[in-house]
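So the protein sequences, as listed, match chains A and B.
Okay, so the first sequence: first residue is 1 according to this note's numbering, each after it adds one.
Okay, so the second sequence: first residue is 267 according to this note's numbering, each after it adds one.
Some clues are possibly wrong.
[As the list claims (entries may be wrong)] Straight-line alpha carbon distances no greater than 20 Å define the calculated DMTMM-like cross-link-like pairs of lysine to aspartate or glutamate that follow: (1) A:Lys215 - A:Glu235; (2) B:Lys314 - A:Asp135; (3) A:Lys240 - B:Glu307; (4) A:Lys136 - B:Glu311.
Note that these hints are calculated values from the structure, not bench results.
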Amino acid sequence: MNKRRPNPKQVTDPNEPLWRSTLRVAMPLNLSYIPIGLACGILLHAAGFNTLLTGLVSILIFSGGAQFLIATMLTINSPLLSIVLMLFFLELRYALLSSSLSPYLKGQSNHFLFIFAVSLNDENYAINYLKFATDKKWTGKEALMVEHYSLLFWAASNVIGSLIGSTLKIDLGIVNFALTALFLYMIVMQIKNRLTVVICLISGVLAAVCMMLTKSTLGLVISTIIASLIGFFLETTLRKHLPDSHWLWKLRGPGAKKSVVENTDE
Amino acid sequence: MSAVNTWNSTQHFWLIILGFCVAFVPRFLPLMLFTKRAIPEWFNEWMKFVPVSLFTALIVKDIFIDSASYALILNHFAEMLAAVVVVIVAYRTRSMLISVVTGLIAVFLLSMVIA
Numbered sequence: 001m002n003k004r005r006p007n008p009k010q011v012t013d014p015n016e017p018l019w020r021s022t023l024r025v026a027m028p029l030n031l032s033y034i035p036i037g038l039a040c041g042i043l044l045h046a047a048g049f050n051t052l053l054t055g056l057v058s059i060l061i062f063s064g065g066a067q068f069l070i071a072t073m074l075t076i077n078s079p080l081l082s083i084v085l086m087l088f089f090l091e092l093r094y095a096l097l098s099s100s101l102s103p104y105l106k107g108q109s110n111h112f113l114f115i116f117a118v119s120l121n122d123e124n125y126a127i128n129y130l131k132f133a134t135d136k137k138w139t140g141k142e143a144l145m146v147e148h149y150s151l152l153f154w155a156a157s158n159v160i161g162s163l164i165g166s167t168l169k170i171d172l173g174i175v176n177f178a179l180t181a182l183f184l185y186m187i188v189m190q191i192k193n194r195l196t197v198v199i200c201l202i203s204g205v206l207a208a209v210c211m212m213l214t215k216s217t218l219g220l221v222i223s224t225i226i227a228s229l230i231g232f233f234l235e236t237t238l239r240k241h242l243p244d245s246h247w248l249w250k251l252r253g254p255g256a257k258k259s260v261v262e263n264t265d266e
Numbered sequence: 267m268s269a270v271n272t273w274n275s276t277q278h279f280w281l282i283i284l285g286f287c288v289a290f291v292p293r294f295l296p297l298m299l300f301t302k303r304a305i306p307e308w309f310n311e312w313m314k315f316v317p318v319s320l321f322t323a324l325i326v327k328d329i330f331i332d333s334a335s336y337a338l339i340l341n342h343f344a345e346m347l348a349a350v351v352v353v354i355v356a357y358r359t360r361s362m363l364i365s366v367v368t369g370l371i372a373v374f375l376l377s378m379v380i381a
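Excised from the complex, chain A in its bound form:
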């Protein structure tokens, strides 16, 4: 999407207060956090975490994957060091996320960056990246509000899940699919040309191979680095030698005229 079209929602309602427009952007994520957060709270309860600590872990670590990992590793009695090491490898991917957001957060104070980094995670990154890339008016302030909304819903769902504890039984595989669906949606929104589709396929195969080889989520980091580098080199080469290549043709979906995140409500 090279041409920037005016955002219909902001034209129709210019006086909407900031807290409400950002909440509107964050709401789909907030809602999908509820079942996953509940599930995570229930799991942490089963692993022996009390409610206060469940609240603390969901605010301080704020990562579905990491908290599921903690719960799983505690139930199989892993030592502290190996849990922390696994967490480290799991969280390494955030280096890539925050690197790719950094062009949009230039000139922000260290204090802001500190607060922003604390509540950054995969899902609110996905929303903020999309907004930064498509909405000129989106700034660090709005992005931070989205992060805090999602943090609030996540922590609250975790605490409630911990309180419900063992009384409720849910299929975690199904609940976890909410996140998978969210990522699928994000990919569809990011597809710009045929090359991107190719990179997706390469990345998918690489991810499977790397995770099977490393036997850890470190494979995610390795495959992401390799696949994005391949994409970068392919695009640079194509632009230089075959600027008319059909691999660079833009793909446009039926709804692409509309701004991407705004029509998620109603």
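Given chain A, work out where chain B should sit, using these hints.
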């Protein structure tokens, strides 16, 4: 899953603090570095491909990789079909909420039929 763990709350607390450190450093350091100095053009061009690559990798992990043994699993047919449904719905509607809700309903119904 039964509560077989024998850790007390103090140990849980230290796990959280250490977990916070390893979660925070990778999120903060790149922001700190790359917002302060000029970013070369190639770096931006490269970073453009990070989201799609990462999201695809995460999806592959969710659908095709066993979370305990990291072995390849190819029998999650309900998730695979539901993923195709989500892609189609996302492409047609461009709505995050509709995509996620349809995906959840699809995987729920499909896993009842297939399993």
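Practice task
Against the earlier hints, flag every one the structure doesn't satisfy and list their numbers going up.
Solution key: Hint 1 is the one this structure does not satisfy, whereas the remaining hints hold.
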